[in-house]
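Student: Take the sequences, apply the hints, and build the full model.
Protein chains in written order, with our numbering: chain A, 10 to 315; chain B, 10 to 315.
No lab work stands behind these hints, which were simulated from the structure alone.
Just so you know, these numbers come straight off a predicted model, no measurement behind them.
Some hints could be false.
Since the list gives no way to pick out one identical chain from another, each pair is judged satisfied if it fits inside one copy or across any two copies.
In silico DSS-like cross-links for lysine-lysine, where the CA-CA straight-line distance does not exceed 30 angstroms [to be verified]:
id: 1; residue 1: Lys-244; residue 2: Lys-202
id: 2; residue 1: Lys-205; residue 2: Lys-153
id: 3; residue 1: Lys-61; residue 2: Lys-289
id: 4; residue 1: Lys-298; residue 2: Lys-14
id: 5; residue 1: Lys-61; residue 2: Lys-158
id: 6; residue 1: Lys-38; residue 2: Lys-269
id: 7; residue 1: Lys-202; residue 2: Lys-251
id: 8; residue 1: Lys-244; residue 2: Lys-33
2 protein chains.
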Amino acid sequence: MSEKKLLILGGTHGNEINAPWLLKQWQNKPSLIDTHGIKFFSDIGNPLAMEKCLRYIDMDLNRTFYSEILQDLNNNAYEVLRARSINHIYGKGGSKQSQFVFDFHSTTANMGTCIVLYGRRPADLAIASFLQYELGLPVYLYEKDLTQKGFLVEYWPCGIVVEIGPVAQGVLCERIVSQTLLVLSTIFNLFHKLKKQLFTFPETLIIHSHLRSVDFPRDGNGNINGFVHPNLDGKDWLPLNKDTCLFSGYDIEEKFNESKYSLMGSEVPLFINEAAYREKGIALSLTRKETIMTDRKWVDELISLM
Amino acid sequence: MSEKKLLILGGTHGNEINAPWLLKQWQNKPSLIDTHGIKFFSDIGNPLAMEKCLRYIDMDLNRTFYSEILQDLNNNAYEVLRARSINHIYGKGGSKQSQFVFDFHSTTANMGTCIVLYGRRPADLAIASFLQYELGLPVYLYEKDLTQKGFLVEYWPCGIVVEIGPVAQGVLCERIVSQTLLVLSTIFNLFHKLKKQLFTFPETLIIHSHLRSVDFPRDGNGNINGFVHPNLDGKDWLPLNKDTCLFSGYDIEEKFNESKYSLMGSEVPLFINEAAYREKGIALSLTRKETIMTDRKWVDELISLM
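Tutor: This is how it looks when you write it as structure tokens:
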């Protein structure tokens, strides 16, 4: 049985330029990352959008990976064509079939470096546990909210998103590039340790599980009439308390507080003011912090995929 | 003689959303700014680009305001049409003819709140002197570099740009909105004081005059192969010294230092890593800090335009 491959992606959103830039540098200088001989492919998710420094051309590539849209042959949006193409090449039966996908993003929100999981797939949880153990990375677990779907990594047997911020779209920034490099190196090191049975698996995993997303306040015409409260902006990963104001503004009578948003007062806000989510009607997402026991079966599942 | 009008613009670049958002709030709630009865118009520079959250549709609106392009009737780029339209309405003989333009921008660079002047027009210098005196705002004087031209404000008898950062494109941010509001209020207060002869004119003006812009390092194929050095990124307005590295990277043998860039070692870097300038081949601009004596004739010129 041939060794299963890793797929490393950057530029799934064309204006998140740091990861694709690093991938290019790495191509030119392979010694940049010690891959321990692990087989991998790397590619740019959305090259046309990257050329134009746009998130996407027709629709968000990272919301197109689900059967209804990929199998609707009347849908020829650029990103749908691209998604089919990525799947054709790197998916099951493809010439560069990959088992694991690592999709590197950046965000304008003050998220630091973190892992995003879509649902609780054992192998994804195993990788998240290892990366949290090695680098202390927080984990955002997106689940049970069908307002967003079709994430690329869900289409592969195992895959996670790495989000790094804050950085403005279209800005090349050493801090983001270095963090991307660190996580990439750690991933190869992890696969190396797994193959050599040299790994340490932690007993617990801290996750921030998705509760719901919250839109900006809007007036009767649907126009945004408040901004993220200055005391909250940039405070990703810090729990709210019962006095937290989410929004404020000029054209409104009262400040927006927890009663309007049915806050419990312990939610952890994430992706606060991510530029690209404004069009999706998301000002921030609320999560619940949980410490869960890890399960050795997660590692078994991960190893069975290798 | 009828009173001369002020034109307040936001959204000349469609992804700089804070000023246009404030203008909308102000429209809904006129008491937000005490205009002292000064006559003004306000408008969105590039509404179509703003709708799509893009800097521009076909070309940079803030580089189209010069005769060759505006009078070339074969050029029907959206921004050229829009520039003609703005000029038709707010320019000489227009139905909303304005004498003064205040064009509010935002930047991804760590520029704080500042004034940008294009050349040394006396009335512009007077306004800059007043705003620096009132609010301590630094002034970037762009001159003698024809690689960039056609700035909107140059097409009016008196006009300045206000730049506020850092903020990612497409992000609504209280800090940027509040600064915009403060500068706007101060401008109306200034015109009020000028009319009442109640102003204090400072003796000196500190300017940062443009020397030249510097591109990112590039490889033989023209691809960017270095980033702004992490010790420099975010250090707008802080003078370089002779050891300053401008850039660094992975795919290069040596760090890029002052000798390669013929630095004197006292230049002040501005607009470091502004996202929108990457496509213009600008990683940062170098300026020289100067303290100049103000001239009462500047105020006379400003008052003569009122």
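Student: Which constraints among the numbered hints does this structure fail? Numbers only, ascending.
Tutor: Hints 1, 2, 4, 7 not satisfied by this model.
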